[in-house]
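Enquirer: If you want the building blocks of each chain, they are given just below.
Protein chains: 2
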Amino acid sequence: MRCEVVAVGSELLLGQIADTNSSWIGQELAAVGIDSHFQTKVGDNLTRMVEVITAALHRSDAVITTGGLGPTQDDITRDAIAEVLGVDLAVDDELLATIEGMWTSSGRTMPANNRLQARIPVGASAIPVQPGTAPGIVATFDFHGETKVLYAVPGVPWEMQEMMTGFIIEDLMDRSGDTSIIRSRTLRTWGQSESGLAEILADEIARLDETDSSNGGVTLAFLASGMEGLKVRITAKGANETVVTALLDDEEARVRDIIGPIVFGLDDQNMESVVLDLCASHGLTLATAESLTGGLIAQRLTAISGSSKAFRGGVITYATDVKTALLNAPDGPSVSEEMVEAMARGACATLGADVSVATTGVAGPDSWEGIPPGTVWVATCVNGEVETHLLRYKFDRTRIRNFTTITVLNLLRQRLEKL
Amino acid sequence: MRCEVVAVGSELLLGQIADTNSSWIGQELAAVGIDSHFQTKVGDNLTRMVEVITAALHRSDAVITTGGLGPTQDDITRDAIAEVLGVDLAVDDELLATIEGMWTSSGRTMPANNRLQARIPVGASAIPVQPGTAPGIVATFDFHGETKVLYAVPGVPWEMQEMMTGFIIEDLMDRSGDTSIIRSRTLRTWGQSESGLAEILADEIARLDETDSSNGGVTLAFLASGMEGLKVRITAKGANETVVTALLDDEEARVRDIIGPIVFGLDDQNMESVVLDLCASHGLTLATAESLTGGLIAQRLTAISGSSKAFRGGVITYATDVKTALLNAPDGPSVSEEMVEAMARGACATLGADVSVATTGVAGPDSWEGIPPGTVWVATCVNGEVETHLLRYKFDRTRIRNFTTITVLNLLRQRLEKL
Numbered sequence: 093m094r095c096e097v098v099a100v101g102s103e104l105l106l107g108q109i110a111d112t113n114s115s116w117i118g119q120e121l122a123a124v125g126i127d128s129h130f131q132t133k134v135g136d137n138l139t140r141m142v143e144v145i146t147a148a149l150h151r152s153d154a155v156i157t158t159g160g161l162g163p164t165q166d167d168i169t170r171d172a173i174a175e176v177l178g179v180d181l182a183v184d185d186e187l188l189a190t191i192e193g194m195w196t197s198s199g200r201t202m203p204a205n206n207r208l209q210a211r212i213p214v215g216a217s218a219i220p221v222q223p224g225t226a227p228g229i230v231a232t233f234d235f236h237g238e239t240k241v242l243y244a245v246p247g248v249p250w251e252m253q254e255m256m257t258g259f260i261i262e263d264l265m266d267r268s269g270d271t272s273i274i275r276s277r278t279l280r281t282w283g284q285s286e287s288g289l290a291e292i293l294a295d296e297i298a299r300l301d302e303t304d305s306s307n308g309g310v311t312l313a314f315l316a317s318g319m320e321g322l323k324v325r326i327t328a329k330g331a332n333e334t335v336v337t338a339l340l341d342d343e344e345a346r347v348r349d350i351i352g353p354i355v356f357g358l359d360d361q362n363m364e365s366v367v368l369d370l371c372a373s374h375g376l377t378l379a380t381a382e383s384l385t386g387g388l389i390a391q392r393l394t395a396i397s398g399s400s401k402a403f404r405g406g407v408i409t410y411a412t413d414v415k416t417a418l419l420n421a422p423d424g425p426s427v428s429e430e431m432v433e434a435m436a437r438g439a440c441a442t443l444g445a446d447v448s449v450a451t452t453g454v455a456g457p458d459s460w461e462g463i464p465p466g467t468v469w470v471a472t473c474v475n476g477e478v479e480t481h482l483l484r485y486k487f488d489r490t491r492i493r494n495f496t497t498i499t500v501l502n503l504l505r506q507r508l509e510k511l
Numbered sequence: 093m094r095c096e097v098v099a100v101g102s103e104l105l106l107g108q109i110a111d112t113n114s115s116w117i118g119q120e121l122a123a124v125g126i127d128s129h130f131q132t133k134v135g136d137n138l139t140r141m142v143e144v145i146t147a148a149l150h151r152s153d154a155v156i157t158t159g160g161l162g163p164t165q166d167d168i169t170r171d172a173i174a175e176v177l178g179v180d181l182a183v184d185d186e187l188l189a190t191i192e193g194m195w196t197s198s199g200r201t202m203p204a205n206n207r208l209q210a211r212i213p214v215g216a217s218a219i220p221v222q223p224g225t226a227p228g229i230v231a232t233f234d235f236h237g238e239t240k241v242l243y244a245v246p247g248v249p250w251e252m253q254e255m256m257t258g259f260i261i262e263d264l265m266d267r268s269g270d271t272s273i274i275r276s277r278t279l280r281t282w283g284q285s286e287s288g289l290a291e292i293l294a295d296e297i298a299r300l301d302e303t304d305s306s307n308g309g310v311t312l313a314f315l316a317s318g319m320e321g322l323k324v325r326i327t328a329k330g331a332n333e334t335v336v337t338a339l340l341d342d343e344e345a346r347v348r349d350i351i352g353p354i355v356f357g358l359d360d361q362n363m364e365s366v367v368l369d370l371c372a373s374h375g376l377t378l379a380t381a382e383s384l385t386g387g388l389i390a391q392r393l394t395a396i397s398g399s400s401k402a403f404r405g406g407v408i409t410y411a412t413d414v415k416t417a418l419l420n421a422p423d424g425p426s427v428s429e430e431m432v433e434a435m436a437r438g439a440c441a442t443l444g445a446d447v448s449v450a451t452t453g454v455a456g457p458d459s460w461e462g463i464p465p466g467t468v469w470v471a472t473c474v475n476g477e478v479e480t481h482l483l484r485y486k487f488d489r490t491r492i493r494n495f496t497t498i499t500v501l502n503l504l505r506q507r508l509e510k511l
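Sequence order for the protein chains is A and B.
FYI, in our numbering the residues of the first sequence are 93 to 511.
FYI, in our numbering the residues of the second sequence are 93 to 511.
Source of the hints: derived by calculation from the structure; they are not laboratory data.
Accuracy of the hints is not assured; some may be wrong.
No copy is singled out in the list; a pair is fine if it fits within one copy or between any two copies.
Okay, derived cross-link-like pairs now, EDC-like style, lysine to aspartate or glutamate, Cα gap no bigger than 20 Å in a straight line [to be verified]: (1) Lys323 - Asp166; (2) Lys240 - Asp180; (3) Lys240 - Asp266; (4) Lys401 - Asp153; (5) Lys486 - Asp360.
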């Protein structure tokens, strides 16, 4: 079963709003094993809409359009579908009564324009789920000798989503006859480049490629995500939840055998949530002392709801004398091993924490006191013992700060996991 | 001139990551008057990539692909382009040396896979701007009797953006033969909703619509940008820089007459850079005391290069006793006017600063000591005088923190501008 998505709206092409609907629909389709090979954005132009929908019907069994079902002159998805079907639009009296009822029930009079929304291509039906005033459309029809289905849903995300989960997904599953399911699991990693990871996992990918997947199977994909690290996504397809879970478990074990040390979490976990969970599970409190990262570490930790269980607070010591005053740091150079060690100790002392991370360095773009940008000292302190590391980055200011943040949290994670 | 965008990557179709590149490119193309009628997402599949790129070339003068230029087996945009052009791929020795240099200069050895990135379709060239290890490609060629151009840029947003602004936009303008120039200027605003702004500026937009724009002219667009506020973009088209600058100056004056008080900056300025500039110009130093925002304000300030001229540092007082210990705050309730006032004073005292901002509140999702999420106290302190404000948001945790950050910086900006 193949299903394409066509997102309608000139504002999408102009970048005035992002098309998040296609991504969401793609995710839902993938979860039930329906392929979506193409997704297209097209403006509010009848000829181009008809062209795109027709091309999609040639390639796929089903097409979902989003947007263009409102009551204004710009909203011409109904007209485009009628043209694709080669039929006229006709007012559906029942639908008109429903729409009118929505207005009158809230004490308002329906504007004349909204009558347009009750027009449906002859032979098509309204989608039985209708969360807002815009009805969706479903049309089953013969297209060059094959039965195809065309759905039109509104562009308003929650209305679209209710129609998808309340009707379209099940309708598509019924039509596909495929009862297999697809699930995925993501291993979060830090410390390898995308090409390095691909090289390390090349044999495993080759093994998967050679495995017979006619009754389902497993695939691996890498997603580079900047300061979120590299994600290794395992996707499995099989007859039912038990089969798919077994496939995922087996593959996760194989991948962890190969890249275990750089895996820091799964799925929705991120580096901060893992560190906070480790602190909480060991009954340890956490503090930060940031110079180079200027609050970035603390703000990521506090973005996690429930972080107050472990996180006590932090200091941002940008001016050198603030390092001395707040953290009892030495008078020596600001970017040095002595300084970062003193900052990590000072954070625990000043903020009354068991564990801390500290950063100092040159974010650039310029050198500072002869030290080139990208020179970074980080430290972790666990129950009074400090470890320091020197990092050297060839990045811009933003990436130097981002990579320092995750790297020092990862160093703390590794120490906490050994406790 | 018509230019389509093809976003490559199975992860985009699966909704694992959103395709924000197409929107961004669409915006940039629109700003210089280039039409983008179709934007397509396609997976990492050679046949389907070739199909989509070919269809796009039939409809448009230029095509930009994003993604699929990495070093892994999945990255086959180079192969797809070679097939569309009907040529082979060949290693470009100069390019290979550049890529290898990027690895060796940071003391690493280039993985063998990265050699793949130096392959370019015969007859095409590397895009002269190359921010990361993935080179872009530009190919000019005859397509069914017409000269077309095909650009391939990486999917990593900042690399893509540097290639677009550093090369592709200008190259497209040159090819279009349109000698008029287009420039835009963005007014950064904070404190109005998009519909509110549209209503306030409706008369001005109507005036522009009625103005003869056959020889160029001016348009207004709104871009909602979350915690970056609403951007009002003025775009002017005219024969030369003098004409266009006069159009922009005139329109900026008209818009400022209407919405002046909510405009905080222009173009690349953001709230933090404006606040830092104001501090520096008055010779004032700045500090932060954050509870609710947990370092977000400080990290935004320190993201600005040169921030150390005014910013001395900050404290993140997440645990209540840290507020008392570090900021000499009272023993009373953590989320209160008294607390935020004490935090603002304490920040100036503890960090030795002339000016400070402070935040405390309930970020949610749960209530805290009976206080509902979204209840936020903020304070600004300028030369010893504190002003406090109570904010109430109906947002999620992230938006509560983000909106608090910009709102308190905006309050400080307004006070500094009156000095």
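Enquirer: Confirm or reject each hint.
Expert: Evaluated hints:
{"no.": "1", "hint": "Lys323 - Asp166", "result": "between (37 Å within a copy, 14 Å between copies)"}
{"no.": "2", "hint": "Lys240 - Asp180", "result": "within (19 Å within a copy, 38 Å between copies)"}
{"no.": "3", "hint": "Lys240 - Asp266", "result": "within (13 Å within a copy, 44 Å between copies)"}
{"no.": "4", "hint": "Lys401 - Asp153", "result": "neither (49 Å within a copy, 58 Å between copies)"}
{"no.": "5", "hint": "Lys486 - Asp360", "result": "neither (29 Å within a copy, 24 Å between copies)"}
Going down the numbered hints, you'll see the structure goes against 4 and 5, while the others check out.
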